[in-house]
Every structure is written in C-alpha cells, then in structure tokens.
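S.K.: Protein chains in written order, with my numbering: chain E, 1 to 429; chain F, 1 to 333.
Incorrect hints may appear among the rest.
[As the list claims (entries may be wrong)] Under the rule of at most 27 Å between Cα atoms (straight-line distance), these lysine-lysine pairs were calculated in the BS3-like manner:
{"no.": "1", "chain 1": "E", "residue 1": "K305", "chain 2": "F", "residue 2": "K287"}
{"no.": "2", "chain 1": "F", "residue 1": "K287", "chain 2": "E", "residue 2": "K383"}
{"no.": "3", "chain 1": "E", "residue 1": "K304", "chain 2": "F", "residue 2": "K228"}
{"no.": "4", "chain 1": "F", "residue 1": "K269", "chain 2": "E", "residue 2": "K305"}
{"no.": "5", "chain 1": "E", "residue 1": "K16", "chain 2": "E", "residue 2": "K248"}
{"no.": "6", "chain 1": "E", "residue 1": "K248", "chain 2": "F", "residue 2": "K325"}
{"no.": "7", "chain 1": "F", "residue 1": "K13", "chain 2": "E", "residue 2": "K295"}
{"no.": "8", "chain 1": "F", "residue 1": "K269", "chain 2": "E", "residue 2": "K350"}
{"no.": "9", "chain 1": "E", "residue 1": "K68", "chain 2": "E", "residue 2": "K28"}
{"no.": "10", "chain 1": "F", "residue 1": "K13", "chain 2": "E", "residue 2": "K372"}
Hint data in this document are derived by calculation from the structure and do not stem from the laboratory.
Take a look at the letters that make up each chain.
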Amino acid sequence: MSARAEIPWTEKYRPKTIDDVVGNPEAKKAFVAWLNAWLAGRPPEKKAVLLYGPPGCGKTSLVHAAAKQLGLELVEANASDVRTSEALKRRVLRAATEASLSGARGKIILLDEVDGINPREDAGGLDTILEIIRVSRHPVVLTANDPWDPRLRELRSVCELIEFRRVGVRETVKVLSDICRKEGVECDPSVLKAIAENSEGDLRAAINDLQSIAAGRQAVGLEDLEILGYRAKQLNMFEVVRQVLTAKRPETARAVLSMPSLDYEMLIQWLNENIPYQYSPSAVAIADAYEALSKADIMLARIKKEQAWTLLPYALDLMTAGVAAAREKPPFKFVKYSFPFKLRALSSAKEIREERLRIARAIARACHVSSKKALTEVIPYLKLVYENDPQRGERILESVGVPAEAFAKAFDLTVAKRPPAVTRARRRA
Amino acid sequence: MSETLAIELWTEKYRPRKLDDMVDQKEIVERLKEFVKDKNIPHLLFVGPPGTGKTTAALCLAYELYGETWRDNTLELNASDERGIDVIRTRIKEYARTVPLGEVPFKLIILDEADNMTGDAQQALRRTMELFSRTARFILIANYASKIIEPIQSRCAIFRFQPIPKQDFIGRLKYIAEREGVSLTDDGLEAIWEESMGDMRKAINTLQAAAALGSKVDADTVYRAVGKVTPSEVREMIKLALAGDFLAARERLRTLLYTYGLSGVDIVKLVYREVTSARGGLELDDKRRLELIELLGEVNFRLVEGADDEIQLNTMLAKLALVGKGLANVSAR
C-alpha cells in the first residue's frame, strides 16, 4: 500500500487506446493513416516514420497505445540504451525481417530516442538503423527530441516526419484530475494547474510531479507544492542550464540564482560544455557567451585565491545574465545537454597521465628542470629523436634511466618502423 | 666527471661545468668567481628569461665550490614539483641538519622556479632561510624578480641574467654541431635562432632533434623538426576555430589539455608561435594577425589571473571564429 511500492503512474495510466492519447490530433491522424497503409498490406512509400517533439508529449505512448489497440507485437529498443550496431542487429534486425512469433497480427518496430545515439561510441548505430528500415517487413517507428541534428540527415530522408507539440495546460490538468479521481485523492484545482504550468508541456513530468506529492494521500493543497518545487529544481542541472541558455531576457537566466543550493562551480562547467550546442551556428552568440563566462571564471579564481568574496555576486551575474545577454542568439531549439567533458576526462585519462609524469620526473632530474618542463620542453624533442633515429633515442633514454619500451608505450610511439631493431632480433635468432 | 653515465641529451652533455665555460653573462661570472675564491656566498637570487644560464650558473658554482663532492653538498629542488612548502621545508630541514663535507662551511640549496610559489609559501620559505642560514646557502632561481616577495629579495644578492647575444648564441650552436659531426648551414642556424627566441635549451634541443631527421641541418630540417615537435592539433585547432567550426576546434584543444597535459599558458604560447611564425603555416593579413596577437595577449593575461584553462581557451576559440569571419583564405601553405 505504501507509495514507494507503487508502480510509476506514468506507466499505470499510460493510454491504452489511440483515443486516450492526449493532444496532438493531427499527429495522431497522420500516424494512424501511415500505420493503416501497412496493415492494409500496402506498405507506404516511406517505410519508417519519425515522431519528433519535446519530451513527454506522447510520442512513445501513441505507439504503445496503437500496438495494444490493433493487437500488434511491439519490438522496442531504446536507441540510446542498445549501444553499438552489433546489439541493434542482434536484437532488432532479425525481428524486423521475421514474422511475428506470438501469433499477433503483425509487429511494430520501435526505436526510441534515435537522437541519443552517439556516432562515435555507437559505431555504425545509425547505419544499422538505416539497414533495419531498408529490410524491415514491418512498420518501423523512430522517436527523437531533436530531429534536425545534422547526423540524422540521412535518416530523415527515409522517414515520414510527424511533429508532436507540447501538451497544453488544460489537457494536462484534465489528465491529472482523472488520475486523482482514480487514485482517490482530493486535489485542489489550483495545484493541478500549477503542476501543469510548471511542466511546460511535458505530461510525463507533470504526472511524475503529481505522484510525488499526491501518492498515498487523501488530499493535497497548495502548500505541498513547495516541497515539489524545491526537490525538482535542486537536482536538475539540465534544467538550470536550459533556463540560462534559452532565456529570452537576462533576468530569466538570473532567476536560477534564487534556487537553493545552486552549485555555481558546477554550473560554470556545465555552461562551458553546452554553450556551443545551444548557440551554434551563431559565432557571435558563442563568443559573447564565452566572454561573459571567462570574466566570471576570473572572478571565481580571485575569490578562491584571495578570499575576495565581495566579487561573488558579479561572477554569478556574469555567468547567468551575462551569458544570456549574448547577441545574435539563434532561435530556440531543443538541445540534449552533455555532462562536462573535463570532469570525465580528468578521471579517465588519469593512468596515462601518471605514467607520463613518472617518466617526466626521471628526465627532469637528469636535466635540472621541473617535470612539467620536461613534459613540454624536453620530451617532444626526445620523441622526435627516438622516432627518427631509434638507436640514438634509446641511448639517450638509457642515459637518463628511462626504459625505451616504457617511453614508447607511454607516448604512443611507433616502434615498428625501426629497422635496426629488426636486424638485431634476426641476428639473435 | 662524477656521473655514472654521461647523459646523451646535448643540453646536458654540453652544459658548462665551470664558470669559465659559460657563454656570456660575463659580469655575473666574474662576481661568482669572487665568491668561489672567498669560499663564501650570500643567498643568491638569479632572475632572467628561460635558457639564459641561470641553472647552469648555479650548478657551476656548486661544482667549483665543492669539486667532485658537489652532489653531496647540493640539494636541488624545483618549486613546481615539490608539493607545497611543507614538503620543501621538511626536505631542507633534513638536508641542512648534517654538516657539510670539505672545507666550505655551508651546504647549497638550489630552489628552481621559485616564482611559482605562492606568497604564503614564500613567507614560510623566508623563515626557513633564516633558520638554516648558518649551515646552508640558498640559490633561488626565477623568471621574474617581481614575483619574489620583497623580504626574500632583500636577503639575497640579485643577479639579472640577460638574453644571450646572437653572436655568442650562434657560436655555441656551431661548437656543438662541430663536436657532434652535424653539418649545420647558415640558414639552419638562423632558423634555430629565430625559433628558440633566445632560449638556449630550446635551441640545443631543436638542433638535436633536427640532426635526427638528417645529417645536414638547414632551415628546412629545423622547421620540420619544430613543426613535428609542436603537436599538429595546435595548427588544426587554430584553423578550425578561424573557419568557425568551434566544436571541432574545441576537440583539438581538449586533446592538448587532457591527453598531452599541456597547460593553458603553454597552449597560448604555441598558438602565438603559429600565428607569428616565419614558417607561415597560416595565411593571415597583417590586420588579422595583429588582432590575433592582441587577443592572445589578453588570453595569456587572463590565464595567469584565471582558474580554468579550458574556459579561458574556449573563449579564445570563440573569438578566433570572429576574427576569422569573412576570412576565406586561411589555409596551409
């Protein structure tokens, strides 16, 4: 009975029929027409459909509802979960070419969040999706938040595009009050309205918010919202970044400063990471935003070095309002923000860096310089000598007490093109 | 020589052992020789640009004071490597506790890159210097005297190392080339002189690297060596940024920062070299070149002030895009 054990309301109240799906009537109509062509045995010209729009507006729900209502087997893969083309092939490609095993009328292949595919990590992932579409004997449905990503160009060309828009406040309120009725919760209409407005058209977020304040209770009042606002906003750096970078006016960006326990050192790293994604292709906007960030960064440094806390308000204003005041910002677009690269890089490259530093220290001792200088002012030359004249390189390394092999390995040097070493080995053999 | 194994890097192989062997810095050498004669020195502060002989002078002084036992009587520390003043203090304390060997009544402590210490650390160093002044003498080495706190300056005899005059500089390179059997052409010499900007260590390293590329070292070999020593990402980064591809430029920057482990200031210096280099890898008109130099100066200044290398350098890249806007002919030579 406890709220904790409950399944998410977003699952519990997922629409079961196409009619139950809220909002986006045109999109629904277009999707049903496309699907009907398949079921009538004449696959449409575009074998795949790409449903796109902001999160929580019903894209995936519509596909689930349609499958359920029409008795189709749903083969589902979240494109950003099933990494690499290998996994996609294993799980989806076969399903797309075979008839349904479960005796259902047919299948829908659903690839969720295709814009989440990272072309570098998921080598060939996009190619595999294109192949699935080409060979599939069943309707293929893709979803994305941002379909205009240049990487998806080829995908767009083979898909019918159907746009979904944010769910309106009135529709959201209606869904929320239905849920309240079914859950037996008495809920002040102004609370539902506040949740709906706060969700900005993301029905899933709205239902989650409702569940977190209403589950297991009999009545909910306006005062409960405070907990919700606090909790939701404190944790979500994505939303903070979004508010700063998409603010139409500097004051809106500045408003994030009123959030409790905002970690401004984290925020500056997140902005450093994501400014170009939001503001490209405008070179002016990127440069303006970074200029503000750069100045904020200098002040943070002085605060740290000289305990100059009086500078903090300026730094905070610069990194929020200052960034948002960039000129020539491009029109709003939905961007999936990334975790700061720097924070990841520093931990992942640690081993290599440490090995290099060990070698640098040995060389530094022999050359009477700091290990940093050895790294930047001696080793690059040494690498060059080693690569072009391996014997001399080895002699030098030996004289400073660094094994040549360790050196080559730590600095990625090609030992292969070393004819003298080969002849030596042969002689020995 | 007391080294177990002669070091094959030419910067070390040809590092002068005796004060008389030093290239240039004549006045300084004369006064240091007086100290040797008296077998007594005050605390010393050597300041001057990189590669002008500061560390060499300190080592020569040690050698001449103590002869073959100089290693036992000299503690070499590098402020950039020793983590914090506490480590430095502990090492100095342990070292200075024992009585020196031989007839010189004190031991020598050489503290290189002393200007990398914070003000607080320098204050602590000052106390340490006082505490051990009976048994140890300090030679502090720095690029800028202004970064050494007044109380330390006033306790030291300050020696200002001047850039080595071109003639002496070139003479030394010729000498090394001759000894190593490298045929070094005049334009090769000129190229090394230009690329090393008065830094003898860089010049000798460049010569050795160029010699590995071919037995004849001319301007072309030198530029090839310098080009290879500079990570290719630097030039790519500049070109991509000027062309407005911020994300690709940032990727190169991150390789330089996190894979090569270069500092922000290192990278700005490399960018500056690319922008002003005689090799002309980038085709820029004079106006744009000046704009870039102004920008780089500002970035360097902010890096010294600022906390985060990547934020400052991303700012640089974003501004490079503005400089490059409308500039169609940025291309490799």
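S.K.: A separate judgement is required for each hint: does it hold in the structure or not?
M.R.: Here is how each hint holds up against the structure:
1. E:K305 / F:K287: violated, 37 Å
2. F:K287 / E:K383: violated, 37 Å
3. E:K304 / F:K228: Violated. E:K304 to F:K228 sits at ~38 Å, over the 27 Å cutoff.
4. F:K269 / E:K305: Within the cut-off at roughly 24 Å; holds.
5. E:K16 / E:K248: violated, 39 Å
6. E:K248 / F:K325: The given pair, whose Cα atoms are some 26 Å apart, holds under the 27 Å limit.
7. F:K13 / E:K295: Distance of about 46 Å is beyond 27 Å: violated.
8. F:K269 / E:K350: It holds: about 25 Å lies between the C-alpha atoms, which stays within 27 Å.
9. E:K68 / E:K28: holds, 15 Å
10. F:K13 / E:K372: With Cα atoms ~21 Å apart, F:K13 and E:K372 stay inside 27 Å; holds.
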